[in-house]
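Put together the whole structure using the sequences plus the hints.
Okay, so the sequence shown: first residue is -8 according to my numbering, each after it adds one.
Read the hints as simulated data drawn from the structure, not as lab findings.
A few of these clues could be false.
To be verified - Below, computed lysine to aspartate or glutamate pairings styled on DMTMM-like, alpha-carbon distance capped at 20 angstroms:
(1) Lys207 with Glu274
(2) Lys290 with Glu78
(3) Lys1 with Asp18
(4) Lys290 with Glu11
(5) Lys14 with Glu274
(6) Lys1 with Glu78
(7) Lys14 with Glu205
(8) Lys1 with Glu274
Stated by the list, open to error - Label-pair restraints from in silico Cβ distances:
(9) Trp208 with Ile183: 17 to 25 angstroms
(10) Pro(-4) with Arg124: 41 to 49 angstroms
(11) Leu228 with Ser128: 40 to 48 angstroms
(12) Arg125 with Ser227: 42 to 50 angstroms
(13) Gly22 with Arg130: 31 to 39 angstroms
(14) Gly181 with Val129: 34 to 42 angstroms
(15) Arg284 with Pro(-4): 43 to 51 angstroms
(16) Val289 with Ser(-5): 18 to 26 angstroms
(17) Arg124 with Ala184: 41 to 49 angstroms
(18) Met(-2) with Met109: 38 to 46 angstroms
(19) Glu78 with Thr13: 23 to 31 angstroms
Since we're looking at a predicted model, the values are computed, not measured.
Just so it is clear, CB atoms sit at the ideal spot from N, CA and C, and this is done for glycine as well.
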Amino acid sequence: MNLSPLMRQKYKVLLEIARETTKRYQDDQVGRMAAAIAFYAVFSVAPLLVIATAVAGFVFDEQQVMDFVGRYLGHIIGGSTRDFIVELINNWQDEKKGILATLVGLGTLFWGAYRLFMALQDSLNVIWSVRPRRGLSVREWLKLRLAPFLMILLVALLLLLSMMVSIFFSGLQRFFSQTLTIPSGLITLGNIAISVTLLTVLTTAVFRVLPDVELKWRDVFSGAALTSLVFAMGNSLIGFYLGHTSTTSIFGASGSLVALLFWVYFSAQIFFAGAEFTRVNLERSGRMPAPQRHAIRVKRVVNLA
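What follows is the structure, given as structure tokens:
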């Protein structure tokens, strides 16, 4: 097939971006960063969903919200892992009886959620080759760490909204398949489009807010959109794999925990690969962002081990 010079040039640029993104992905040891995210997510998933369902309970019935969450998780990561997470949520709620249990539960929540988003912020700083400068005042430090803490609620609520939209379209698909002749594929396409849109909003916000660099919304939008699209497709594949294989049974009683770790680890790698692509794409356009006032540029050290 003969390509025009313009198409050949575009193909060459895309190939160079992919090659540089892959190189940075390996040099920054994204696998290790994703493993840290998976570890902290185990401590955070239940309390974060409890907070999200409690907030959503102001608008919807809390039990209905829990049903939405259960059905969505079953679709994404399989029934056994869904039951494991739902049991974690129920246990976390049940343990909130008594002052000591409440304090322990809240302490676990804040520690796990804080460490999760600190690991996320630190990983994005590695990707952008920056770090907070030493000697920050207490006020500066609190202001610096407030953003990732506020992102906790944003992430939880947007993910919950994405779950509800997905379940709504699934019900809509069943309804129209029984009453009207609207193609189910059209409704599925609408579900995917809205889910990817919500994920793009979430990813754009995280890419823009968390790293300690001066980024504009337009700097991160294209990378966030591509990340969300790949994330949606990858989730479908990993959900199919976990739902149709004996992965969880191989590890016995801990199989559901292993499946959860595997899913978060896989998702985190997609997220960080998208951040690497965003940086590479921005550098090629000559718009490398400067560190924020409280941060400094650091020399990138490649670990050859």
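Open item on the list: Checking each numbered hint in turn, tell me which of them this model violates, lowest number first.
Closed with: Numbers 2, 3, 6, 7, 14, 16, 19, in rising order.
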